[in-house]
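A.B. asks: Protein chains in written order, with full-length UniProt numbering: chain A, 1 to 453; chain B, 1 to 268.
Possibly wrong hints are sitting among the right ones.
Selected chain A positions facing chain B (Cβ under 8 Å, derived; list incomplete) [said to hold, decoys possible]:
| no. | residue |
| --- | --- |
| 1 | 73 |
| 2 | 106 |
| 3 | 237 |
| 4 | 244 |
| 5 | 384 |
| 6 | 440 |
| 7 | 442 |
| 8 | 446 |
Covered stretches of chain B, going by a simulated chain A footprint (3 or more residues, C-beta under 8 Å) [said to hold, decoys possible]:
| no. | segment |
| --- | --- |
| 9 | 93-104 |
| 10 | 118-124 |
| 11 | 201-208 |
Read the hints as simulated data drawn from the structure, not as lab findings.
No residue lacks a Cβ here, since even glycine has one placed at the ideal position from N, Cα and C.
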Amino acid sequence: MSDDDTPHVHDRGDAVCVIGAGASGLTAVKNLREHGFDVDCYERETSVGGAWNWRHDRSPVYASTHLISSKPLTQFPDFPMPDGWPDYPHHAQVLSYLERYAEHFDLRPHVWFGTEVLRVEPADGGRWDVTTHGTGTAGGGERTQRYAAVVVANGHNWAPKMPAYPGVESFRGRLIHASAYKDPALLRGKKVLVVGGGNTGCDIAVEAAQQAAACWHSTRRGYWYAPKYLMGRPADQVNDELLRWRAPLRLRQWLYRRVQRLTIGDVARFGLPAPDHRPYESHPIVNSLLVHYVGHGRIVPVPDVARFDGPHVELSDGRRIEPDVVVAATGYLPRFEFLAPELLDADDTGRPDLHLHAFARRHPTLAVVGLLQADAGIFPLAHWQSVAVARWLRLRATAPDRAAAVQDRESHRPLRRWSRTTVVDTSRHWFEVSHTDYLRSLQTLLDELEPAA
Amino acid sequence: MRTRVVRFAEWTRPVPPVTREIASALPEDDEGRPPVLFVPGYGHAAWAFAEHWLGRAAARGYPAHALSLRGTGGSGASPVTGLRAYAHDVVQVAAALPRRAVLVGHGAGALVVQHALARYPARAAVLAAPVVDGWPALGAALRANPLGTLPALAGGRLRLSRRQLFGPDLPEEQAAAYVSRVERMPARAQWQLVLHRAAEPAVGHPPVLVLGSPDDRVVPRSSLDRTASRYGGAPLLFPGMGHDLMLDARWEEPIDALLDWLDKETAL
Chain A
1 MSDDDTPHVH DRGDAVCVIG AGASGLTAVK NLREHGFDVD CYERETSVGG AWNWRHDRSP
61 VYASTHLISS KPLTQFPDFP MPDGWPDYPH HAQVLSYLER YAEHFDLRPH VWFGTEVLRV
121 EPADGGRWDV TTHGTGTAGG GERTQRYAAV VVANGHNWAP KMPAYPGVES FRGRLIHASA
181 YKDPALLRGK KVLVVGGGNT GCDIAVEAAQ QAAACWHSTR RGYWYAPKYL MGRPADQVND
241 ELLRWRAPLR LRQWLYRRVQ RLTIGDVARF GLPAPDHRPY ESHPIVNSLL VHYVGHGRIV
301 PVPDVARFDG PHVELSDGRR IEPDVVVAAT GYLPRFEFLA PELLDADDTG RPDLHLHAFA
361 RRHPTLAVVG LLQADAGIFP LAHWQSVAVA RWLRLRATAP DRAAAVQDRE SHRPLRRWSR
421 TTVVDTSRHW FEVSHTDYLR SLQTLLDELE PAA
Chain B
1 MRTRVVRFAE WTRPVPPVTR EIASALPEDD EGRPPVLFVP GYGHAAWAFA EHWLGRAAAR
61 GYPAHALSLR GTGGSGASPV TGLRAYAHDV VQVAAALPRR AVLVGHGAGA LVVQHALARY
121 PARAAVLAAP VVDGWPALGA ALRANPLGTL PALAGGRLRL SRRQLFGPDL PEEQAAAYVS
181 RVERMPARAQ WQLVLHRAAE PAVGHPPVLV LGSPDDRVVP RSSLDRTASR YGGAPLLFPG
241 MGHDLMLDAR WEEPIDALLD WLDKETAL
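Bound-form chain A, shown alone (with noise of 0.2 Å):
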């Protein structure tokens, strides 16, 4: 690795280095530069927005996505979204949230465009040797510089997992991954299958049942669908009302299977599979339209894909049907390719273990911002993961002392899930979260880093 004397190394300091300009991204580079660090923010596309910008290559969004959890649940801390906008409001408008951000917190001048990371490399003394290249037809060399401290941003809706189905090759339909799922006019008279039984998942297939001539979902499992609204207000807040007076976690269970019963009843009659856990033990798929068009008949629920064959898919009871269309919606892995999995404690499969999910544990100077899944908006969530981040890294610099008590405290804590329910084994949900159960422990540590008086 690189020393000292190597001359093509810059060093920059004590500044701090961002990957990614998304959400998550430029609340770290706001919250870095408020407690006083320099900050070099590398993005490889050329605009702010990351996810939520439908012009990245990367974006998952599709034309009809609005956001899951409401306002209130969503916005940053200290930069609410504007009173006259919907309760849910549509991704253009969290796209354009984002670029106010931006402007009024002056965060563009910090972030380098159309710069890809490539590495980043443990230099002497906790420090990290960050190489990057240009983007643009141009190209540009490597360059590399050092940096006091990385926080990685980059994101963990852009890589799309695909299952390997057997006799894909021979299907003679169309085959595409959710990410490619731009506009209902790809299934506008067609037959689609929709596969997967996530917020995506149930999205496209709503709008295959508006648009397609004909629509099969495809689950593996049963889930609990939340609706947008509860006794006219939207149901997260009424959820989080129940959080609040610390409802056991059975009471609200049963109070979940309660309403459901109510409302919609025994999703079993409509065709769907009854669910194989109970409420609040997976990530929250909240749509109020699915049950809603498998009570008209326009989608109808089918399990497990099995395989392909030609014109046919198989499903893993037999059946066969024939879909000109398949939208995988099966979701998306993270990934860290410019940091060699064992800065991140990362398994076999690739998932890094994270003190609270953010901090590297070998590495005080590493960190990640927004590798949560959450039953609430992620943007909050990563504004305090990066105020931590930053009263952490001040605290380093200010008192080594006390940041070396925090640190032997911290490491002694419990390894949790930050989530008091046993949640559904996937690839998704391993870093799924309980946005209060999270919160609290944030809190904890954000107090023990409280600079002194």
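Fit chain B to the given chain A structure using the hints.
C.D. replies: What follows is chain B alone, placed relative to chain A:
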């Protein structure tokens, strides 16, 4: 107080929106100075700043805005009022400005600004004649104007007299005209002046300036000192002026001092 990150009240009971009256004065050339948002105290509305201060701030290159709290001036009425709702209105207006804003609160508006600072990383903040310590302010009001203050204790209207609001230099009819424009505030909001939880710490480490008058019959001198020392400074004093620094006869002095301080703190 520490910054609380679990905020159920805000998540489950969002403040209902209202239409907001905003008075503005913009400089002829935008030289990139931060916008200044003036927040009136109880009973006053955007007009109180539109009278002199907005124009002066704009003339010195600052985009200047003043809002009317919900239920006062031209802002819409709402069944939900009180400190949290007022602070929400301030943060909404501040966040809609193109750059990080400077918040200036006068009187009880300074208390609103303190609460807004916990929810918005302002560029800087100014607390003018701040009514942030409830009990001393109540004591002062009872001494200066017992008849106007006592009814408020029973949930009635809090009346402010000419003697409390203005110094002797302001012409009598002008003072009377201003006093007649002072509006009634909801009883709950009045009570919150005395009974409120201390605001959480300001986010984003903004510099804070406190200014007032030693002859203010609403905010005692000791209270001014205490507020200023909480932010690690001493108050800037304008002897001879009443509580309404922005309307009193020598209104230029505090606004010029405020803008001089801003020039220094926010040097481009």
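A.B. asks: Work down the list of hints and note, for each, if the structure agrees.
C.D. replies: Each hint, compared with the structure:
no., hint, in the structure
1, 73, "holds (5 Å)"
2, 106, "holds (7 Å)"
3, 237, "holds (5 Å)"
4, 244, "holds (4 Å)"
5, 384, "holds (5 Å)"
6, 440, "holds (6 Å)"
7, 442, "holds (6 Å)"
8, 446, "holds (7 Å)"
9, 93-104, "holds (count 6)"
10, 118-124, "holds (count 3)"
11, 201-208, "holds (count 3)"
Checked against the numbered hints given earlier, this structure breaks none of them.
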